[in-house]
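Q: So you can see what is in the structure, the chains are spelled out below.
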Amino acid sequence: MASKFTVSNRTGWLMAGPAILLIAGFVILPFFLAIGLSFTNQRLVSPNPTEFVGLSNYRQLLGVATVTLEPLRDDAGAVVMKDGEPEYPSIRSLTRNNPDRPDLAGMREWFSFSLGGEAKTFVLARDVVFMKAVVNTFIFVIVVAPVQAGLALGLALLINQRLRGINVFRAIYFMPVVVSIVVVSLLWRLIYDGQSGLLNNLLDAISFGLIPPVNWLGDPSTALGAIIAMSIWQAVGFQMVIWLSGLQTISPTLYEAAAIEGASKWQVFRYVTWPGLRNTAVLILIVITMQAFGLFAQIDVMTNGGPLDSTQTIVFQAVERGYGKQDISGGSAISVILFVIVLSISLIQRFLTREKS
Amino acid sequence: MAMISADNRGLRLATRYAVLVLIALIFVFPLVFMVMSSLKPSQQLLEDSANLRAFLPVGDISFDNYTDAFRRAPVATFVFNSVLVTGVTVLLSLLICSAAGFAFVFVDWKGRNLLLAVLLATLILPFETIAIPMLLMVAHLPWIGMEGLTWGWLNSYRVQIIPFIADGLTVFLFVQYFKDLPGELIEAARVEGASWGQIYRRIVMPLSGPILATAAILKFLVMYNQYLWPLMVTQEEGYRPVMVGLQYFFQLNVAWGEVMAYLSLITVPVLAFYLYLQKAFIASIASTGVKG
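These protein sequences, in sequence, are chains B and R.
1 is the number of the first residue of the first sequence in this note's numbering; add one for each residue after it.
358 is the number of the first residue of the second sequence in this note's numbering; add one for each residue after it.
In case anyone wonders, no lab produced these hints; they're calculated from the structure.
Predicted, not measured: the structure shown is a model, and the values here were computed from it.
Some hints could be false.
To be verified - Which chain B residues face chain R? A few, computed with CB under 8 angstroms, are given here:
1) F26
2) V178
3) L190
4) G294
5) S344
6) I345
What the hints assert, rightly or not - Pulled from the structure, derived: some chain B residues nowhere near chain R, Cβ distances all over 12 angstroms:
7) F111
8) F169
9) V177
10) D204
11) G218
12) I250
13) P307
Just so it is clear, CB atoms sit at the ideal spot from N, CA and C, and this is done for glycine as well.
So that you can see chain B by itself, here it is in the shape it has in the complex:
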């Protein structure tokens, strides 16, 4: 830290002022606006005055309820079957104009399960699409964070060898990072194409025609996975470079000592390399998590949230509402929910990875 020089309030404010003003105006203010607006019914353009609506935006987004229903029975008391499955009373009869259950009004079925027996539990949500978006975003983060961090570490270890021309490979592995994710998404849309896509042709060739073509982005069971794989491909070089700079801070004398002790490759990694990468690991995990929660461009370019909402994400929903439907308050509420999620997760990560003394 630099020592104390002459006190100069005027110079300090003059030089730091512009940056402080800009950050206050375009980062901090919008953040507080998001919180404030999420309690109103603000729209981008509206003839009506804005009103305070309390928690209603959050209730609309996060409202969930469960109902357990017995299957329908005929007059003889036997379960009514339909297409080989027991038939249950319709959810609509509960959520539409049902005076007994005003709390369920307007909800839709999200999913259902049964814990043995005939009764079936239905989970209803006020905003099923948003719930799917939250689940998809979590799946994305939970897969991408460890896989991308792990692959990046593998690449960094590979690149950290002393070989002629190794810098060429480092440059190539990093290349997709400088390409816009929009461009990358478009390219991969063609690679993933259901009929003449490169990927299908490749799989067909290496399996001698055993693997049938898959419509990667058009099938709800593969679309999110395809986007995950592409996202990792694009960004893994970023973390590779950060791991690499972590690796290079480890003192060579430690490796020499390990070699003298006759340590195996795994032992060297476990007892020399990994402890030296601790702080890097924490940082990488937090950064990937934060970036992964922002998943938007890939969705917008490749799938628009489909098929069957299987690639809806939190940010895509925020934009669809705040910008697409000009519902600023709904979009703001989603932004606040996203912030709370990101903050809690990075606090949990920090707590779990804290130095144990």
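Based on these hints, arrange chain R on the given structure of chain B.
A: Chain R alone, transformed into the frame defined by chain B:
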């Protein structure tokens, strides 16, 4: 220790390179595919995807897709907009963030510790969480220009530039760098009666080449590749940058040859720039990893 024969060593070396090359192929094949496809008619492009011809400049090769792309969309306008917005933002960002970093490290003033802490706290705010309220905000901001006082910043250059000039990370990178500069140098200059402005211009800036390059590269990547924000704030094509201009090619039936030409046009210069300044690019990403 076992004796390792020369053959054995050669084999191991060959395997290592084979692994490296195989991985390299995974990273470059979409980009090679993009550039090669941009030279082919749309029909051939799709047929070639069935085999290795996809990666080779074979068949009916021409630059027709490029001229067609310019005919279909105002490509020159998009490129101009991107270059203008990115260039101006990078320059202003270097000026304003380096000045702030200077003030935080070398000048002693009331409130600097608190403000630095607040600035660092903004690093945990992902842009995605403030984009929507900021959209409402910029739709109502005043501006004094040639037409006098106007309200609303939508469809302009300023809405794409001003919000991104200063950010916590850039200021923080300058602070980190300045802390490692020899403080005695600045102290001596102060004693000799140099003004703060002179110290900033004549002493600190000339020593700041590496950090200026880092900050410029990071800002460049963010700005040039931006998508979400310009998508929301520019409805008029006259102000749209290259990434948003891409939508132009998906309005009617998609001509993939033209799409690939446009993608190559907006990507290859950046890749060339990257390969030319490869070390600086990688160093700048690595430097974002020193925080914590």
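Q: Each hint: holds or not?
A: Verification of the hints:
1. The interface hint given for B/F26 holds, since its Cβ lies 4 angstroms from the closest Cβ of chain R, which is under the 8 angstroms cut-off.
2. Nearest Cβ of chain R to the Cβ of B/V178: about 5 angstroms, under the 8 angstroms cut. The hint holds.
3. For B/L190, the shortest C-beta to C-beta distance to chain R is roughly 7 angstroms, which falls under 8 angstroms, so the interface hint holds.
4. Checking B/G294 against chain R: minimum C-beta separation of about 4 angstroms stays under 8 angstroms; hint holds.
5. With its C-beta approaching chain R no nearer than about 11 angstroms, B/S344 sits outside the 8 angstroms limit, and its interface hint is violated.
6. Because the smallest distance between the Cβ of B/I345 and any Cβ of chain R comes to about 11 angstroms, over 8 angstroms, the interface hint for this residue is violated.
7. For B/F111, the condition that its CB be more than 12 angstroms from all CB atoms of chain R holds, with the nearest at approximately 27 angstroms.
8. With a cut of 12 angstroms on Cβ distances, B/F169 falls inside the contact zone with chain R, its closest approach being about 5 angstroms.
9. Against the 12 angstroms criterion, B/V177 falls within the reach of chain R, whose nearest CB is about 7 angstroms from its own CB.
10. Taking the minimum C-beta to C-beta distance to chain R, about 9 angstroms, the non-interface status of B/D204 is violated against the 12 angstroms cut.
11. With a minimum CB-CB distance of about 16 angstroms to chain R, B/G218 clears the 12 angstroms threshold, and the non-interface call stands.
12. For B/I250, the requirement that its beta carbon stay farther than 12 angstroms from each beta carbon of chain R is met, with the minimum near 14 angstroms.
13. No beta-carbon of chain R is positioned within 12 angstroms of the beta-carbon of B/P307; the least distance is around 18 angstroms.
In the structure shown, a violation is registered for the earlier hints numbered 5, 6, 8, 9 and 10, in ascending order.
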